[in-house]
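Colleague: Sequence order for the protein chains is W and H.
Everything in the first sequence is counted per the UniProt record's numbering, starting at 1 for the first residue and increasing by one.
Everything in the second sequence is counted per the UniProt record's numbering, starting at 1 for the first residue and increasing by one.
Hints are computed from structural coordinates only; laboratory data are not their basis.
Hints are not guaranteed to be accurate.
Now the stretches of chain H that chain W is said to cover, found in silico as 3 or more residues with beta-carbon under 8 Å [stated by the list, open to error]:
| no. | stretch |
| --- | --- |
| 1 | 171-181 |
| 2 | 207-214 |
| 3 | 266-279 |
| 4 | 318-330 |
We treat Cβ as the ideally placed atom computed from N, Cα and C, and that holds for glycine.
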Amino acid sequence: MALMVVKFDLKKRVKLAQFLWLMYWFSVMAGVLVFSMGLFFKIELRKRSEMMDNNESHFVPNLLIAVGLLACGINAMGGKICYDSLDPIKFSRWKPMLKPFLVSCVAFNCLLVLTALLCFLMRIPLQFTLAEGLKNALKFYKDTDTPGRCYMKRTLDQMQMEFRCCGNNNFRDWFEIQWVSNRYLDFSAKEVKDRIGSNVDGKYLMDAVPFSCCNPSSPRPCIQYQVTNNTAHYSYDHHTEDLNIWKRGCRDALISYYGGMMNTIGALVLLVASLEVIVMIGLQYVNTSQSNLADPESESEGWILEKTVKETFTDIMDKMKAMSKGNAVEEGGVDGVATVS
Amino acid sequence: MVLMKMKFPFEKRMKLAQGLWLLSWIATLAGAFTFTLGCFLKTELRRRAEVMDNTEIHAVPNTLMIVGLASLGINYFAGRMCQDALDAGRFPRWKTFLQPYWGVSLLFTLLMLTTVIMSYAMKGNLEWSLKIGLKNGIRFYKDTDTPGRCFQKQTIDRLQMEFQCCGNTDFKDWFEVQWISNRYLDFSSKEVKDRVKSNVDGRYLFDGVPFSCCNPSSPRPCIQDRLTNNSAHYNYEHQTEELNIYIRGCREALVNYYMGLMNTIGAAVLSIFLVQSSVLVSLRYLQTAMEAVAGQENTEIETEGYLLEKGVKETIMEYVTPVLVFLQLNQVGSEDAEAGETPAK
Numbered sequence: 001m002a003l004m005v006v007k008f009d010l011k012k013r014v015k016l017a018q019f020l021w022l023m024y025w026f027s028v029m030a031g032v033l034v035f036s037m038g039l040f041f042k043i044e045l046r047k048r049s050e051m052m053d054n055n056e057s058h059f060v061p062n063l064l065i066a067v068g069l070l071a072c073g074i075n076a077m078g079g080k081i082c083y084d085s086l087d088p089i090k091f092s093r094w095k096p097m098l099k100p101f102l103v104s105c106v107a108f109n110c111l112l113v114l115t116a117l118l119c120f121l122m123r124i125p126l127q128f129t130l131a132e133g134l135k136n137a138l139k140f141y142k143d144t145d146t147p148g149r150c151y152m153k154r155t156l157d158q159m160q161m162e163f164r165c166c167g168n169n170n171f172r173d174w175f176e177i178q179w180v181s182n183r184y185l186d187f188s189a190k191e192v193k194d195r196i197g198s199n200v201d202g203k204y205l206m207d208a209v210p211f212s213c214c215n216p217s218s219p220r221p222c223i224q225y226q227v228t229n230n231t232a233h234y235s236y237d238h239h240t241e242d243l244n245i246w247k248r249g250c251r252d253a254l255i256s257y258y259g260g261m262m263n264t265i266g267a268l269v270l271l272v273a274s275l276e277v278i279v280m281i282g283l284q285y286v287n288t289s290q291s292n293l294a295d296p297e298s299e300s301e302g303w304i305l306e307k308t309v310k311e312t313f314t315d316i317m318d319k320m321k322a323m324s325k326g327n328a329v330e331e332g333g334v335d336g337v338a339t340v341s
Numbered sequence: 001m002v003l004m005k006m007k008f009p010f011e012k013r014m015k016l017a018q019g020l021w022l023l024s025w026i027a028t029l030a031g032a033f034t035f036t037l038g039c040f041l042k043t044e045l046r047r048r049a050e051v052m053d054n055t056e057i058h059a060v061p062n063t064l065m066i067v068g069l070a071s072l073g074i075n076y077f078a079g080r081m082c083q084d085a086l087d088a089g090r091f092p093r094w095k096t097f098l099q100p101y102w103g104v105s106l107l108f109t110l111l112m113l114t115t116v117i118m119s120y121a122m123k124g125n126l127e128w129s130l131k132i133g134l135k136n137g138i139r140f141y142k143d144t145d146t147p148g149r150c151f152q153k154q155t156i157d158r159l160q161m162e163f164q165c166c167g168n169t170d171f172k173d174w175f176e177v178q179w180i181s182n183r184y185l186d187f188s189s190k191e192v193k194d195r196v197k198s199n200v201d202g203r204y205l206f207d208g209v210p211f212s213c214c215n216p217s218s219p220r221p222c223i224q225d226r227l228t229n230n231s232a233h234y235n236y237e238h239q240t241e242e243l244n245i246y247i248r249g250c251r252e253a254l255v256n257y258y259m260g261l262m263n264t265i266g267a268a269v270l271s272i273f274l275v276q277s278s279v280l281v282s283l284r285y286l287q288t289a290m291e292a293v294a295g296q297e298n299t300e301i302e303t304e305g306y307l308l309e310k311g312v313k314e315t316i317m318e319y320v321t322p323v324l325v326f327l328q329l330n331q332v333g334s335e336d337a338e339a340g341e342t343p344a345k
């Protein structure tokens, strides 16, 4: 008893083949879309690779690119099959290949769902990479004369301005590191000597943030030095001052940016997977209806599975058992022959 | 004396009609593209409308949009006419339509060319508008509590960060304006009282700039106050320090940006103008060639096509003379009326 039998006369078969050909072209474009999204994601990761300590895993965007290319290939071939299915001679050339092709389509759909799942899950390793990378970036902010790190200041400043964030967890991270290079500190001044003497490592620490933390929406000119000292500025209370500098940490800002991007890409990949399932079912109908033809103009039946789901599953299990038993019997025979001799 | 005669056998006429049909579709797309270019330019100008004093420069994108829409119509009708040109019986019904059509299409094609010239000619206008707009923006920077001006600070800050510029002509414009609001000045402190007394208007002026002038590419943390005082900062000399704050003025930055945009758009519109002109020239040849066929029994004869029936000068005189006659008639009429009045007296 076949699964979901549908009767097909000639007109219906022709319509199915044409519709399916069109759907395959949409799927090719969907494959191109997945490819371009993978490429875009890869470029975005590379842009901020300095913040991720050059350590980020490019597995997900590479997988998206590969899956996109594969989708284009599979769907183009499927479209060609549909185009040829109306001509019995051409179709008979494709016939032996159809069953393995459909099995590979099933495998490809599983791969698509897996990719979507990975997109949603990538947030977690990204969080750890960013925490480590930003911590180092803040440490190297002042090293504008060290080769390999001289652009860290510019990158960090531009990032803080673009993502409207300050520091790693929040702006207080800047209080714990020395972000002014020793080249610009007057070591003969009393203030500098006091600050350096006040901590174990001899670092020049102060309660100040770089200019890139300033919020343009603030009604007053930016207060970046002596941020926690209320008496240093007229009419200023740092507990209630909201708009002066950015409150959010850059790790949160980057995670929400990349997280949003990955959620969108994951959702789109799921949509593409559902489209692939539909065209695969359509191709199975074309295959079965064309295979059961008495003559080219007669009516035929098409179905998704020849037997029910349960029977098909037991069939596959039996086949696999038979294959493994066949191997065992062969080995047993060889051993038997060896012992005899 | 006909202008630029060409012989058109039947096959050549058919080829001309088909080629023109394809060209008119390309020109229709080009017209739609012109419209989108106009919309894009208008949007870009609107984004910075707060630092512009007047909207005269908007004439350029407005004209582009009108020309784009008009060329959509012109090319659509050109396409319809060539479709009918393939059948000699259907072409004559366009006869009365063609006279006003030529007038309208020539007008809008010339307007396309004028737009390109306008975009170069209005550079001075744009610069003047930006000069006044930026001057006001910098003056009202501190008025974050005045309704209608409370977002000037944010606008100027974001502008300076995005276009990498500082001040109007250069950063020294900030030294001449009080950009810190009185709400945040401690009038009991000696320093504030000295500064306020040191000038006629009682403004708090000092050699500092807002944080948005800071250049992220600078190797040292940004120096924004006491800029001209070398001894106030360690290892600092303001004459040689280049990367600390942005040197360029925002007026220059914005003019360069908009001129670059209009140059690109101008180049695109010029090429679209060439396409449009070739459509009109081909259509004229097709019209005159088909007119010679009309009324003939054998529609497959060879005919001549031309651009103008008489020479350029004669055609112009043909159109101008009725206007002159109309004006002269008016004059003669008024003279007669005066002459008629004086004898009566």
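Colleague: Indicate, hint by hint, whether the structure satisfies it.
Modeller: Comparing the hints with the structure gives:
Counting residues of the stretch 171-181 of chain H whose CB falls under 8 Å from any CB of chain W gives 3; the rule of at least 3 is met. For the stretch 207-214 of chain H, the stated coverage by chain W holds: 4 residues have a C-beta nearer than 8 Å to a C-beta of that chain, and at least 3 were required. With a cut-off of 8 Å between beta carbons, the stretch 266-279 of chain H has 0 residues touching chain W; three or more are needed, and the interface restraint is violated. Using a Cβ-Cβ cut-off of 8 Å, 0 residues of the stretch 318-330 of chain H lie near chain W, which falls short of the minimum of three, so the contact claim is violated.
In this structure, the hints that do not hold are numbers 3 and 4, in rising order.
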